[in-house]
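For the protein sequence lines, the chains are A and B, in the order given.
For what it's worth, this note's numbering labels the leading residue of the first sequence as 3, then goes sequentially.
For what it's worth, this note's numbering labels the leading residue of the second sequence as -10, then goes sequentially.
Derived from the structure by calculation, the hints contain no laboratory data.
Among these hints, one or two may not hold up.
With a straight-line cut-off of 27 Å between C-alpha atoms, the simulated DSS-like cross-links for lysine-lysine are [unchecked claim]:
hint: 1; chain 1: B; residue 1: K(-2); chain 2: A; residue 2: K107
hint: 2; chain 1: A; residue 1: K107; chain 2: B; residue 2: K46
hint: 3; chain 1: A; residue 1: K69; chain 2: A; residue 2: K58
hint: 4; chain 1: B; residue 1: K46; chain 2: B; residue 2: K(-2)
hint: 5; chain 1: A; residue 1: K107; chain 2: A; residue 2: K58
hint: 6; chain 1: A; residue 1: K107; chain 2: A; residue 2: K69
hint: 7; chain 1: A; residue 1: K70; chain 2: A; residue 2: K58
hint: 8; chain 1: B; residue 1: K46; chain 2: A; residue 2: K72
hint: 9; chain 1: A; residue 1: K58; chain 2: A; residue 2: K72
Label-pair ranges, simulated between beta-carbon atoms [said to hold, decoys possible]:
hint: 10; chain 1: B; residue 1: T9; chain 2: A; residue 2: K58; range: 37 to 43 Å
hint: 11; chain 1: B; residue 1: N48; chain 2: A; residue 2: E7; range: 14 to 20 Å
hint: 12; chain 1: B; residue 1: S69; chain 2: A; residue 2: K58; range: 28 to 34 Å
hint: 13; chain 1: B; residue 1: D29; chain 2: A; residue 2: S86; range: 19 to 25 Å
hint: 14; chain 1: A; residue 1: M55; chain 2: B; residue 2: L101; range: 40 to 46 Å
hint: 15; chain 1: B; residue 1: Q30; chain 2: A; residue 2: P41; range: 40 to 46 Å
hint: 16; chain 1: A; residue 1: D18; chain 2: B; residue 2: S68; range: 47 to 53 Å
hint: 17; chain 1: A; residue 1: D18; chain 2: B; residue 2: E64; range: 43 to 49 Å
hint: 18; chain 1: A; residue 1: Q82; chain 2: B; residue 2: S68; range: 25 to 31 Å
Model, not experiment: these values are computed from the prediction.
Just so it is clear, CB atoms sit at the ideal spot from N, CA and C, and this is done for glycine as well.
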Amino acid sequence: GEDVEQSLFLSVREGDSSVINCTYTDSSSTYLYWYKQEPGAGLQLLTYIFSNMDMKQDQRLTVLLNKKDKHLSLRIADTQTGDSAIYFCAESRSGGGADGLTFGKGTHLIIQP
Amino acid sequence: DSGVTQTPKHLITATGQRVTLRCSPRSGDLSVYWYQQSLDQGLQFLIQYYNGEERAKGNILERFSAQQFPDLHSELNLSSLELGDSALYFCASSVGGTGLETQYFGPGTRLLVL
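Can you make the complete structure from the sequences, with help from the hints?
Structure (structure tokens):
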């Protein structure tokens, strides 16, 4: 199976909170990231969390990490039309060597007016 | 704007051909990573260079190669191109070489192989 899993789609109403979920399998993951990709654009780093943290808040964004269940979530408060994008969860692993990020397939966030 | 630049933005070529994609990292970053984004495979790590040396290899095909030059820019060479190589190719950079530092992505090069 995949190392990082995400739901493919999430639809929310404008003004509501969006919660995008991600599960990962590698317990040695050191950092977990959320990236945003708008249509035709590159990947924008939104936020990241170190694996010894449970929560991180950054303005409208809240990241929750449940290391026991290997579950990561991104909450976007007061979702706006500009938040419409694909959101990727990614992990980087420790182990003494360098490695690239392992990404989920991405969650398409659809905003309903 | 992440500070990572990639050229060209778009590339159209034919099967069997060879192309070179270029990436300039953010000022001060020593590591460059290459990723491929396709509809069926998603985002996959290809290769990483740190200060001119290859540091890590991911799912990179033998037909593909990369290098990092003394000025730290990097090139990804794709040869004997196949239809399935059509994808968005991203470059990312980070300060260090452990793979644990935050990676900043460029806008990508969209490759279409006909």
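Results for each hint:
About 23 Å separates the Cα atoms of K(-2) of chain B and K107 of chain A, which keeps this hinted pair within 27 Å; it holds. Taking the CA atoms of K107 of chain A and K46 of chain B, the gap is near 20 Å; set against the 27 Å cutoff, the hint holds. Note on K69 of chain A and K58 of chain A: the hinted pairing holds, with a Cα-Cα distance of about 14 Å set against a maximum of 27 Å. Of the supplied pair hints, the one linking K46 of chain B and K(-2) of chain B holds, its CA atoms being roughly 24 Å apart against a limit of 27 Å.
With a C-alpha separation of about 23 Å, the suggested pairing of K107 of chain A with K58 of chain A holds against the 27 Å cut-off. Note on K107 of chain A and K69 of chain A: the hinted pairing holds, with a Cα-Cα distance of about 21 Å set against a maximum of 27 Å. For the proposed pair K70 of chain A and K58 of chain A, the alpha carbon gap of about 17 Å is at most 27 Å, so the pair holds. A C-alpha spacing of about 25 Å is found between K46 of chain B and K72 of chain A, which places the hinted pair at or below 27 Å, so the restraint holds.
Using a Cα cut-off of 27 Å, the hinted pair K58 of chain A and K72 of chain A holds, with the two alpha carbons roughly 16 Å apart. With their beta carbons about 39 Å apart, T9 of chain B and K58 of chain A fall inside the hinted range of 37 to 43 Å. Checked against the given bound of 14 to 20 Å, the beta carbons of N48 of chain B and E7 of chain A, roughly 18 Å apart, stay inside it. Remark: the range hint 28 to 34 Å for S69 of chain B to K58 of chain A is contradicted by a beta-carbon distance near 45 Å.
A C-beta distance of roughly 24 Å is found between D29 of chain B and S86 of chain A, which places it inside the suggested range of 19 to 25 Å. Between M55 of chain A and L101 of chain B the beta carbons are some 41 Å apart, a value that agrees with the proposed interval 40 to 46 Å. Look at Q30 of chain B against P41 of chain A: about 19 Å separates their beta carbons, and that is not inside 40 to 46 Å. Take D18 of chain A and S68 of chain B: their Cβ atoms lie about 49 Å apart, and the range 47 to 53 Å holds.
The hint said 43 to 49 Å for the Cβ distance between D18 of chain A and E64 of chain B, and at roughly 45 Å that hint holds. With their beta carbons about 44 Å apart, Q82 of chain A and S68 of chain B fall outside the hinted range of 25 to 31 Å.
Hint compliance for this structure: hints 12, 15 and 18 are broken, all remaining hints hold.
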